[in-house]
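**Student:** As given, the protein sequences belong to chains A and B, one line each in that order.
Residues 1 to 437, numbered by this note's numbering, are exactly what the first sequence covers, in order.
Residues 1 to 452, numbered by this note's numbering, are exactly what the second sequence covers, in order.
Check before you lean on any hint, since a few could be wrong.
As the list claims (entries may be wrong) - Label pairs and their in silico Cβ distance ranges:
(1) Ser26(B) with Glu359(A): 19 to 29 Å
(2) Lys238(B) with Glu21(A): 26 to 36 Å
(3) Glu435(B) with Pro224(A): 35 to 45 Å
(4) Lys238(B) with Arg172(A): 23 to 33 Å
Hints listed in this document are in silico derivations from the structure and should not be mistaken for laboratory results.
A virtual CB, placed ideally from N, CA and C, is assigned to each residue, including glycine.
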Amino acid sequence: MRYSGSTRQSRADMLAAIGVEGIEDLLRSIPAEARMKRPLEVEGPLPESDLLARLDAMKGRRPRVALVGAGLYQHYVPAPVDALCARSEWVTSYTPYQPELAQGTLVMYWEFQSYIAQLTGQEIANGGMYDGSTALAEAVLMAMRLRPAQKRVYVSEAVHPEYRAVLATYLRFHDVAIETLPVDRATGRTKIALSPDAQRDAVAIVIQSPNFLGAIEQPGSLDPNAFLIGVCTEALSLALLPPLRANISVGECQSFGIPMQLGGPTAGFFATRKEYVRQMPGRLVGKSVDADGREAFCITLATREQFIRREKATSNICTSSGLMCLRATVYLSLLGRKGLEELAEKNARAARFFAQGLEKLGLELEHRAPFFNEFVVDASSKPRLYDTLLDRDVILGVPLSRWYPGMEHRYLVNVTEVHYASLRSVLEEVKSAVHGS
Amino acid sequence: VVGADPAIDGVKLDLERRTDGCNGFSQVTEIDCVRHYTRLSTTNFDINRGMYPLGSCTMKHNPLVNEKVAADPHFAHCHPYWPEKYLAAHSQVMKELARDLAEVSGFEHICLQPAAGAHGELAAVLMMRAYFDQRGETSRRTILIPDTAHGTNPASAAMAGFECKQIASGPEGMLRLADVVPHLDASCAAIMVTNPNTLGIYEKDFIAIAAAVHEKGGLVYMDGANFNAIMGVFQPGKIGADVMHFNLHKTFTTPHGGGGPGSGPIGYNAKLAPFAPTSGKPESVGPVKAWLGQWGMFIRAWTYIRALGGTGLKAVSEEAILNANYVRKRLEGSLNLPYRTETMHEVVFNDKDLPNGITTGDFAKRLIDYGFHPPTVYFPIMVKGALMIEPTETETRRELDRFIDAVHAVLEEARNNPDLVKSAPHTTPVRRVNETLAARKLDLRWHDPKAT
Numbered sequence: 001m002r003y004s005g006s007t008r009q010s011r012a013d014m015l016a017a018i019g020v021e022g023i024e025d026l027l028r029s030i031p032a033e034a035r036m037k038r039p040l041e042v043e044g045p046l047p048e049s050d051l052l053a054r055l056d057a058m059k060g061r062r063p064r065v066a067l068v069g070a071g072l073y074q075h076y077v078p079a080p081v082d083a084l085c086a087r088s089e090w091v092t093s094y095t096p097y098q099p100e101l102a103q104g105t106l107v108m109y110w111e112f113q114s115y116i117a118q119l120t121g122q123e124i125a126n127g128g129m130y131d132g133s134t135a136l137a138e139a140v141l142m143a144m145r146l147r148p149a150q151k152r153v154y155v156s157e158a159v160h161p162e163y164r165a166v167l168a169t170y171l172r173f174h175d176v177a178i179e180t181l182p183v184d185r186a187t188g189r190t191k192i193a194l195s196p197d198a199q200r201d202a203v204a205i206v207i208q209s210p211n212f213l214g215a216i217e218q219p220g221s222l223d224p225n226a227f228l229i230g231v232c233t234e235a236l237s238l239a240l241l242p243p244l245r246a247n248i249s250v251g252e253c254q255s256f257g258i259p260m261q262l263g264g265p266t267a268g269f270f271a272t273r274k275e276y277v278r279q280m281p282g283r284l285v286g287k288s289v290d291a292d293g294r295e296a297f298c299i300t301l302a303t304r305e306q307f308i309r310r311e312k313a314t315s316n317i318c319t320s321s322g323l324m325c326l327r328a329t330v331y332l333s334l335l336g337r338k339g340l341e342e343l344a345e346k347n348a349r350a351a352r353f354f355a356q357g358l359e360k361l362g363l364e365l366e367h368r369a370p371f372f373n374e375f376v377v378d379a380s381s382k383p384r385l386y387d388t389l390l391d392r393d394v395i396l397g398v399p400l401s402r403w404y405p406g407m408e409h410r411y412l413v414n415v416t417e418v419h420y421a422s423l424r425s426v427l428e429e430v431k432s433a434v435h436g437s
Numbered sequence: 001v002v003g004a005d006p007a008i009d010g011v012k013l014d015l016e017r018r019t020d021g022c023n024g025f026s027q028v029t030e031i032d033c034v035r036h037y038t039r040l041s042t043t044n045f046d047i048n049r050g051m052y053p054l055g056s057c058t059m060k061h062n063p064l065v066n067e068k069v070a071a072d073p074h075f076a077h078c079h080p081y082w083p084e085k086y087l088a089a090h091s092q093v094m095k096e097l098a099r100d101l102a103e104v105s106g107f108e109h110i111c112l113q114p115a116a117g118a119h120g121e122l123a124a125v126l127m128m129r130a131y132f133d134q135r136g137e138t139s140r141r142t143i144l145i146p147d148t149a150h151g152t153n154p155a156s157a158a159m160a161g162f163e164c165k166q167i168a169s170g171p172e173g174m175l176r177l178a179d180v181v182p183h184l185d186a187s188c189a190a191i192m193v194t195n196p197n198t199l200g201i202y203e204k205d206f207i208a209i210a211a212a213v214h215e216k217g218g219l220v221y222m223d224g225a226n227f228n229a230i231m232g233v234f235q236p237g238k239i240g241a242d243v244m245h246f247n248l249h250k251t252f253t254t255p256h257g258g259g260g261p262g263s264g265p266i267g268y269n270a271k272l273a274p275f276a277p278t279s280g281k282p283e284s285v286g287p288v289k290a291w292l293g294q295w296g297m298f299i300r301a302w303t304y305i306r307a308l309g310g311t312g313l314k315a316v317s318e319e320a321i322l323n324a325n326y327v328r329k330r331l332e333g334s335l336n337l338p339y340r341t342e343t344m345h346e347v348v349f350n351d352k353d354l355p356n357g358i359t360t361g362d363f364a365k366r367l368i369d370y371g372f373h374p375p376t377v378y379f380p381i382m383v384k385g386a387l388m389i390e391p392t393e394t395e396t397r398r399e400l401d402r403f404i405d406a407v408h409a410v411l412e413e414a415r416n417n418p419d420l421v422k423s424a425p426h427t428t429p430v431r432r433v434n435e436t437l438a439a440r441k442l443d444l445r446w447h448d449p450k451a452t
C-alpha cells in the first residue's frame with residue numbers, strides 16, 4: 001500500500017463524491033461467480049530493508065574469472081553510462097508517441113539509428129529490437145515479404161544456436177524450410193557450397209561473423225541476386241572488422257554498455273537498405289521540423305506498425321528496448337570511433353595472448369580462421385581441466401558439446417578487456433591445473 | 001588504449017581491418033557526453049515529473065527500490081551459461097516470481113521468457129496453433145478479436161498464420177455472447193479478449209463466451225494489459241481463459257524506459273502446457289527469445305510484489321478503480337462519455353461535445369501546457385476521437401484534482417480562446433512536430449555533410 005495515493009479520509013471523500021458506499025460497489029459489474037473469494041497468497045508486505053536482506057541471503061558465490069561469452073559479453077560498463085541512464089527522464093518516460101514531450105528519447109533513437117547504420121555499413125537502421133535473436137527472426141520474416149516466391153532459407157550451423165532455435169519458432173507455421181549450412185572443421189568457417197541457382201532461389205542466406213565458434217567469416221562472392229542476412233552477436237567487433245555486405249544486418253548491442261543481466265534485457269539492432277524501409281519491423285525515428293520551423297524529431301512510417309496497420313503490420317512489436325538502446329548510444333558516444341577501435345584491438349590482442357598461452361601449455365586451438373575475442377580450445381587431452389578450474393571458480397569458457405555432438409571437451413573461450421589485467425595469473429592457474437589433471 | 005602489459009599490447013593482429021571511417025561518431029570529452037545526454041533528458045516528460053494518465057499503459061510510479069536491486073552487480077552482471085552453482089539466487093527469484101504470477105492469474109503454468117506483451121501474445125498464438133495442429137484441426141485458422149482490442153492482438157495472430165475476424169462490441173461497450181456465437185464455426189480457433197477491455201469495462205459475458213468457445217473446441221486468450229484492475233479481484237485462469245500475457249512493465253512497476261524493455265510472461269493451463277516455449281517437451285513451439293527472458297525485469301517485479309504482499313496487490317487494483325471512477329464522476333458532465341457502463345481502472349471520453357472544432361488531438365496537446373502528459377488518444381479505434389484516461393492507483397486525490405482542474409481549464413479555453421488550444425502546446429521544447437514531412441522526406445540518420 002505504500003506506493004498508492006489514498007488515505008482513509010481521501011478514500012472516504014472520493015467514494016462519497018462518486019456516490020457509493022464502498023469499493024465493493026465499484027466492483028458490482030463483476031459477477032459473483034467470477035470473483036476471487038480468498039486473499040492472494042504471496043509473500044509480503046516486506047519493508048525495503050527486509051527485502052534487501054532477503055535478496056542478500058539468497059546470493060551464492062561468484063566466479064573469480066569467467067571467460068564466458070557466446071553471445072553475451074562481459075565488457076566494462078563505464079560509470080557515465082550507468083549514471084546517465086539511471087536518470088528518471090529516461091527510465092520512467094513512455095514510448096515517444098507525443099513528440100513535444102519526448103524530444104530527448106527521439107533524438108537518442110535517431111542517434112542510435114545513425115550509429116548502427118554506420119557500424120553495419122547499411123543505409124538505415126531502426127530504433128532497436130528486443131534482442132539479437134528476435135532481430136534475426138524478424139529479418140527472415142522481412143526477407144520472406146520481399147521474396148514471397150522463395151521457400152528455403154539457408155542458415156549457417158555457426159549462427160548462434162539459440163538464435164537458430166528462435167528462428168525455427170518464428171518460422172514454424174510458415175511455408176519456408178530452414179536448411180543448415182555446415183561448418184568446415186578445420187577453419188571453423190561456414191561452407192557455402194550452393195550453386196548460383198540455389199542462392200537465387202533462397203529467401204535468404206544467414207551468416208554470422210564472427211560466428212558462434214569465434215571464426216571471422218569470409219563468405220566470398222555470393223551471387224548478386226542472393227539475399228544475405230548478416231548476424232553479429234559481438235558488436236564491438238564491428239569497430240575493427242569490415243561488416244558483412246548483407247541485405248539486412250542484425251545483431252546484439254549488449255556489448256555496448258549493457259550489463260549481461262542473465263541475457264535480458266538487451267537490445268537488438270536491425271539495419272538494411274533504404275529501398276526496403278517500408279518492409280522493416282520496429283520503430284523508426286525521423287528528423288522533421290516543428291510549427292516554428294525548428295529541427296524536431298518524431299516517430300515516422302508508423303503506418304507499418306501494429307497500432308495502425310493491425311494484422312497487416314510488418315511486425316507485432318510494440319514495447320521494444322528503448323532504455324537499452326540508450327545505453328548503447330551513450331556508450332558509443334562516450335568512446336567515440338577511436339576509443340571503440342582501441343578497445344576492440346585490446347580485446348583481439350588479449351584473446352590472442354591468452355590463446356597463445358594455452359597453446360604453450362599443450363592445448364590446441366580447434367580452428368584455423370582468424371578470430372576476434374573468442375575462440376575454441378580443444379582440451380580433450382586434459383579431460384579434467386575444465387572441472388578442476390571450475391572448482392577454483394575459474395570458468396574456462398562454454399562447453400560446446402551442449403550444441404555440437406562430437407565437440408566434447410571443446411570450450412568456447414572469450415577474453416575481453418575486463419580480463420586483461422589477470423590473464424597472466426589465469427594462465428598460471430591453468431598451468432597448475434594442467435599439471436594436476 | 002594501451003594497457004600495462006607490453007606483452008599483450010605487442011601481440012600482432014592477423015586481421016583484415018575495416019577502412020571506412022564511421023565519420024558520424026563523435027569524439028568528445030566525458031563532460032561533453034554527460035552534458036549532451038543530461039540536456040537531452042530534460043526535454044523528456046517522465047513519471048517522476050508528472051502524471052501520465054495514459055489509458056491501457058498503466059504509467060504508475062516505479063518504486064526506486066526496484067532500480068536498486070536490479071543494479072546490484074550480483075544480479076546485473078551474470079551470464080546464463082555460467083554453471084548453476086553461481087545462479088542459485090537467480091533461479092530462486094524466477095521460481096518465486098512464476099509462483100506469484102500463477103497465484104494472481106489462476107493459471108497452473110507460467111513461462112517467463114517473452115520479452116514484452118506483444119511477444120507474449122506471439123508465444124501464445126504459436127502455442128494455440130501447435131495445439132490445433134496436433135489435434136489435426138487444421139481448418140481452425142480464424143481468431144476472433146473484438147473492436148476494442150489492442151493492435152498487437154491481430155498483428156500477433158497474423159504472425160502465427162491466423163486470419164482475424166473483428167467482432168463489434170455491443171451498445172454497452174461490451175462483447176455480447178449473441179454476437180460471438182455465430183462466429184463459432186469449424187474455422188474458429190480462438191478468441192482474444194482484453195478484460196477489463198480498453199473502454200475500462202468488465203466483459204460481463206466473459207464466462208459465458210469462454211464456455212461457448214470451449215464448447216465448440218476453441219481456445220480463449222486473455223490480453224493482460226489491464227491486469228492492474230483485477231489483482232485479487234478475479235483470476236482469469238479460473239473463469240475460462242486458457243492463456244494470457246502479463247506486462248511486467250505495466251502492472252508490476254518495471255519502468256517503460258522510453259519504449260522498453262518490457263517483459264511479457266504468459267500464464268496457461270494444462271491444455272496448452274506441452275506447447276509452451278520452455279516446456280522442454282517435443283510438442284514445444286520452441287524458444288521465442290535467446291536466454292531465459294528479461295531477468296532485469298523479473299527481479300524488479302519480484303521486489304514490487306513483496307513490497308506489497310497479497311493485500312497490498314489487491315489494494316492496488318481497488319484504488320486504481322477508485323481513482324478512475326473519481327475522475328469519471330468529476331468529468332462526465334463536462335466531456336462526452338460514449339459508454340456509460342460501470343468503469344473499472346480507466347475511462348474513455350471523446351471529443352463529440354468539444355466546441356469550436358477542437359479535436360481530441362488539440363485537447364491533448366493543450367493539457368501538456370498544464371503539466372500533464374496527454375491521455376491515450378484516438379484509441380480504442382471504435383470510439384471516434386477517443387480520450388482514454390487511466391489515472392492508476394499511485395496518484396493522490398490532490399493530483400487527480402489538479403488534473404481535473406486542468407481539463408476544465410482547457411474546456412474553458414476551448415470555448416473562449418480556441419486558437420490557443422489549436423496551436424498548443426506552447427511550453428514544450430518544441431512545438432507541434434510536422435509528422436507528415438517526416439514521413440514524406442525520410443531523414444533517419446546522420447549524413448556526412450562533406451559527402452554531399
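**Student:** Now, for every hint given, state plainly whether the structure supports it.
**Tutor:** For each hint, the structure was consulted:
A beta carbon spacing of about 40 Å between Ser26(B) and Glu359(A) contradicts the range 19 to 29 Å that was offered as a hint. As the Cβ distance of Lys238(B) to Glu21(A) is approximately 28 Å, the hint placing it in 26 to 36 Å holds. Distance hint for Glu435(B) and Pro224(A): a CB-CB separation of about 37 Å, consistent with the stated range 35 to 45 Å. At about 30 Å, the beta-carbon gap between Lys238(B) and Arg172(A) stays in the expected band of 23 to 33 Å.
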